[in-house]
Amino acid sequence: MAAQQNSNTVNNTGEKIIIPKKTVWMRMKENKVAYLFLLPKLIFFTVFMLIPILWAFVISFQDRGVFDVDYVGFKHYFEAFQSPIFRAALWNTLLYTIVTVPAFIITALIIASFIYPLGQVSQAFFRSAFYLPTVTSMVIIAMVWRWMYNYRFGLFNYIIGFFGFEPVNWLGQTSTALPSLMIMAILIPPGAGIIIYLAAMNNINPSLYEAADIDGANAFQKWIRITIPLLKPTTLYLVILSTIGSFQVFTQIIMMTGGGPGYSTETLVHVIYKTAFRDFNFGLASAQSVILFFIIMGFAIVQFKSLRTEK
Amino acid sequence: MSFMKQNSVLSKVKKPIIYTLLLSFAIVSLLPLYWVFVTAFQLPSYQNEEMDRPVSYVESNPPVLYPKGIPEYISQWQKKREAERMGDYEQAEVHASLMTEVRQKTFGSFTRLFERTDIMRWLFNSLYIALLTTALIVLFDTMAGYVLAKKDFPGKWIIFWVIISTMMIPEQVTLVPTFIIIQNLNLFDNHLALIFPGLALAFGVFLMRQFLLSIPDELLEAAKIDGASEWKIFRSIVLPLAAPAMAVLGIFTFVQMWNSFLWPIIVINSTELMTLPAGLKTLQDANLADFKLLMTGATIAAVPMIIFFLIFQRYIIKGLTLGGVKE
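Chains as they are written, first to last, in the numbering used here: chain U, 1409 to 1719; chain V, 249 to 575.
Rather than coming from a laboratory, the hints here were simulated on the basis of the structure.
Remember, predicted model here, so these are calculated numbers, not experimental data.
We put the CB at the ideal spot given by N, CA and C, even for glycine.
Worth double-checking, as some hints may not be accurate.
Quick list of simulated restraints, FRET-style, between CB atoms [said to hold, decoys possible]: (1) V:Glu419 to U:Gly1527: 35 to 45 Å; (2) V:Asn434 to U:Phe1570: 49 to 59 Å; (3) U:Ile1459 to V:Arg369: 25 to 35 Å; (4) V:Tyr282 to U:Tyr1485: 40 to 50 Å; (5) V:Asn517 to U:Phe1486: 32 to 42 Å; (6) V:Leu461 to U:Arg1435: 14 to 24 Å; (7) U:Leu1447 to V:Leu433: 14 to 24 Å; (8) V:Gln458 to U:Ile1451: 15 to 25 Å.
Straight-line Cα separation of at most 20 Å, SDA-like style, residue types lysine to any residue; simulated pairs [what the hints assert, rightly or not]: (9) V:Lys262 to U:Ser1530; (10) V:Lys529 to V:Asn438; (11) V:Lys398 to V:Trp479; (12) V:Lys353 to V:Tyr294; (13) V:Lys263 to U:Trp1631; (14) V:Lys566 to U:Met1434; (15) V:Lys404 to U:Met1434; (16) V:Lys399 to V:Ile473; (17) V:Lys566 to U:Ser1536.
This is chain U alone, in the form it adopts within the complex (with noise of 0.2 Å):
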């Protein structure tokens, strides 16, 4: 688009257009098609994407009001991190990240190793298993585990109950609702991620296998020696892609907890949500999310320059 409009500025400019400059635009003149095939995407792109990425950045420094907009330098920033339900709400999601991204990645990793030996039938079986549970929408399971968290008829004071235990009032009490929320990341099955390490484990030479039985190896040792290290580029997209989700953890909080009890439960996207769609302090909000965006862009360079070197 830019260079575009670049071109036809120089071609307005005047009859004697420059060669190297003339052949750029004789180029585009002969691939008038291919800018044609572009358009649609383009300005979609350019309106819903583009311009809202560079504009959150500006407004991230600015006081909007109804009829002016005061630029106010860093102070949202200053805003954000002094607040107490930011503060929360960094340090649950950080929480909840460190806790539910390893469980997922090692449930996968079992789970998947598990049925990469059955036959094709019960390999298609697990596999569809374990991802039904996570094609319905998280509203849907949001919904069902709040009923099963219920304290008075919940499925899980049941269940305690069965073992001796005092009834847990799970997303009613400081103490227990992040915990619960964890736990139920924990329990969804990591459909995605057992189907992208069955897919990878496929992709393993055989013979580094038999190579490793005629050494005398056992199943465990070709495991630890042999599919997890080469399984690390999957390891790494996964970690990254799941580090990424849980930092957006949002349905959960606002179906099952609303942030509470106090700000137990608050996460970085339901404190942007709330700040910019309930309060509409459109400037706060998008300091926040910048602020996402930075810790989001700096766990996934770490995590990929470590897992990355190693080797």
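Given chain U, work out where chain V should sit, using these hints.
Same frame as chain U, now just chain V:
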């Protein structure tokens, strides 16, 4: 081939254990879904001739793990037949009316849901918005992916990298600006507000470009020499070749759009314009403790997606593995 298949002695011992472990975890993970259905079809506030007061099997301790209406209905039916055989038609009438009550109460939450909420409207909205967005995304992204893969023109690499670099940016960053843009375009509380931002996503362009790189140039050249127009080449050569990737992208986008939640609850305000996830939130906000009603809503929302998954499994799995596995 695999790490356990080799040791046949080991696997003979281990296989039953593995199956048991996997099966039990599969059952645990399917339990919440099962619980949605059981609660939706559970029998609430019911009193038969042997009880001294009405009971709710939805709210019961210990919980009833199956829809109580089924055995109750059968038993009343048997009692009715018994009474008829004995010639006690008055008693048979009692059992007949209990049977009706069981049936009505079991499905009562469905009737209430259809009467009191716009759930069928939400279902329709979700369906048409997801379908329309998916169709447009697949078309636009295939067009863009094609020229980015197969044409050489000024600005190509800048455009490609700018699009790709937005792939990892979290949705929340664009929330506020996109909201302001939608307001300025006068699209707040309008279905276009749900459709347009979806068309900006970068993933499809990337996917289609990577896939279309493998189309042989000679094929396109030959068509060009034959005098086919660019659009004709796209329609008759590129589209058929791109079909597998388009299917993966389409199914993936459909699921993503269908489940989308955060954006719809921001830009849609009128209940009748909502999509299913947003509608379910208003349902829950209005009926916090009516779990049978809530699970009925969840059932209606979950079933289409489960059917969709069972039909398109193959493509969903393919789409999932595209990013994570290096060939």
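Hint check results:
Checking the proposed 35 to 45 Å range against V:Glu419 and U:Gly1527 shows it holds: the Cβ atoms sit about 40 Å from each other. A hinted range of 49 to 59 Å holds for the C-beta pair V:Asn434 and U:Phe1570, which are about 57 Å apart. Between U:Ile1459 and V:Arg369, the C-beta spacing of about 33 Å keeps the proposed range 25 to 35 Å intact. Judged by the Cβ atoms, the range 40 to 50 Å given for V:Tyr282 and U:Tyr1485 holds: they are separated by roughly 47 Å.
Take V:Asn517 and U:Phe1486: their Cβ atoms lie about 33 Å apart, and the range 32 to 42 Å holds. The hint said 14 to 24 Å for the Cβ distance between V:Leu461 and U:Arg1435, and at roughly 21 Å that hint holds. In this structure, U:Leu1447 and V:Leu433 meet the distance hint of 14 to 24 Å, their C-beta atoms being roughly 19 Å apart. A hinted range of 15 to 25 Å for the beta carbons of V:Gln458 and U:Ile1451 is consistent with their spacing of about 23 Å.
Taken as a hint, the V:Lys262 and U:Ser1530 pair is honoured in the structure, with Cα atoms around 15 Å apart against an allowance of 20 Å. The hinted pair formed by V:Lys529 and V:Asn438 meets the criterion: a straight-line CA distance of about 18 Å does not exceed 20 Å. Among the hinted pairs, V:Lys398 with V:Trp479 is consistent with the structure: their alpha-carbon atoms are about 14 Å apart, no more than 20 Å. Among the hinted pairs, V:Lys353 with V:Tyr294 is consistent with the structure: their alpha-carbon atoms are about 8 Å apart, no more than 20 Å.
Simply put, V:Lys263 and U:Trp1631 have alpha-carbon atoms about 17 Å apart, close enough for the 20 Å limit, and the pair holds. A hinted pair counts as satisfied when its Cα atoms are at most 20 Å apart, and V:Lys566 with U:Met1434 does not qualify at roughly 41 Å. A threshold of 20 Å between alpha carbons decides the hint, and for V:Lys404 with U:Met1434 the separation of about 15 Å falls inside it, so the pair holds. Simply put, V:Lys399 and V:Ile473 have alpha-carbon atoms about 16 Å apart, close enough for the 20 Å limit, and the pair holds.
For the suggested pair V:Lys566 and U:Ser1536, the alpha carbons sit about 13 Å apart, so the restraint of at most 20 Å is met.
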